[in-house]
Amino acid sequence: MSETASHPNICVHVRLFASYREAAGTSRLDTPLRSGARVRDLMALLAADIPALTRAPGLVAVNHTYVNPETELHDGDEVALIPPVSGGR
Amino acid sequence: MFKIVDGPIDELALEDDVRTDADGAVIIFRGVARRQSRGREVVHLEYEAYPEMAEKVMAQIGDEMKTRWPITRVAMVHRTGVLEIGQASVVIAVSAPHRGEAFAATRYAIDRLKEIVPIWKKEVWSDGSQWIGWENEAHTH
Numbered sequence: 001m002s003e004t005a006s007h008p009n010i011c012v013h014v015r016l017f018a019s020y021r022e023a024a025g026t027s028r029l030d031t032p033l034r035s036g037a038r039v040r041d042l043m044a045l046l047a048a049d050i051p052a053l054t055r056a057p058g059l060v061a062v063n064h065t066y067v068n069p070e071t072e073l074h075d076g077d078e079v080a081l082i083p084p085v086s087g088g089r
Numbered sequence: 001m002f003k004i005v006d007g008p009i010d011e012l013a014l015e016d017d018v019r020t021d022a023d024g025a026v027i028i029f030r031g032v033a034r035r036q037s038r039g040r041e042v043v044h045l046e047y048e049a050y051p052e053m054a055e056k057v058m059a060q061i062g063d064e065m066k067t068r069w070p071i072t073r074v075a076m077v078h079r080t081g082v083l084e085i086g087q088a089s090v091v092i093a094v095s096a097p098h099r100g101e102a103f104a105a106t107r108y109a110i111d112r113l114k115e116i117v118p119i120w121k122k123e124v125w126s127d128g129s130q131w132i133g134w135e136n137e138a139h140t141h
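For the record, the sequence lines run as chains A and B.
The opening position of the first sequence corresponds to residue 1 in our numbering, with each subsequent residue numbered one higher.
The opening position of the second sequence corresponds to residue 1 in our numbering, with each subsequent residue numbered one higher.
A few of these clues could be false.
[To be verified] Derived CB-CB ranges, DEER-like:
no., chain 1, residue 1, chain 2, residue 2, range
1, B, 46, A, 9, 52 to 60 Å
2, B, 67, A, 32, 37 to 45 Å
3, A, 31, B, 115, 23 to 31 Å
4, B, 130, A, 27, 32 to 40 Å
5, B, 115, A, 36, 45 to 53 Å
6, A, 40, B, 66, 30 to 38 Å
7, A, 13, B, 100, 44 to 52 Å
8, A, 25, B, 20, 45 to 53 Å
Hints are computed from structural coordinates only; laboratory data are not their basis.
For glycine and all other residues, C-beta sits at the position ideal for the given N, C-alpha and C.
When you get a sec, could you build the whole thing from the sequences and use the hints?
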């Protein structure tokens, strides 16, 4: 059986900002995932350690573009967790 | 010019970047750090950005403006780090042959920037601090 058929792992580079960065205690994480994982899978995994991700839900960007929870992730993707942006009136 | 900088914003550079001989109007919008916020006294502000993405999204907003109004050029610069009261956090420059579209496009630019550009503001008070996002700005005027 080839490696591709046996759910090889991928690794994504997670970046955290502002309130998420402070809650996580770091601005960068490398997170291994099963091949075929989607944004929502990553969020569920991270939320277990960083409850702020679900308390103040924000947006997610992959490689500098906003995506939705169903977007599939690929090895080496840069996934940015974007807390609500700065507002101000 | 779409940039994130960590020091004072050079407004003249933005104006030079957008003005052409075809323009009858140049609008410079400056967002500044305000003393009072939601009934509390602000000591200073701290801005954090995701610079690589913020610059791309600002350029995207510039493209959106040009599809909506007959403007000539757009420039946006946002500052990060600690800002004292009265200092500019963001400057937007827009040039156009006529003032009407320049005003409309500039208003759109700052509203859109605050909506989608990944930049965060922390208010620091004498007795605490908080990151400000849409969830706690809704009741502000």
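Now the hints, each set against the structure:
1. 46(B) - 9(A): 52 to 60 Å: violated, 37 Å
2. 67(B) - 32(A): 37 to 45 Å: holds, 42 Å
3. 31(A) - 115(B): 23 to 31 Å: The hinted range 23 to 31 Å holds for residue 31(A) and residue 115(B), with Cβ atoms some 28 Å apart.
4. 130(B) - 27(A): 32 to 40 Å: violated, 19 Å
5. 115(B) - 36(A): 45 to 53 Å: violated, 32 Å
6. 40(A) - 66(B): 30 to 38 Å: With a Cβ separation near 35 Å, residue 40(A) and residue 66(B) satisfy 30 to 38 Å, so the hint holds.
7. 13(A) - 100(B): 44 to 52 Å: holds, 45 Å
8. 25(A) - 20(B): 45 to 53 Å: holds, 49 Å
Checked against the numbered hints above, the structure breaks hints 1, 4 and 5 and satisfies the rest.
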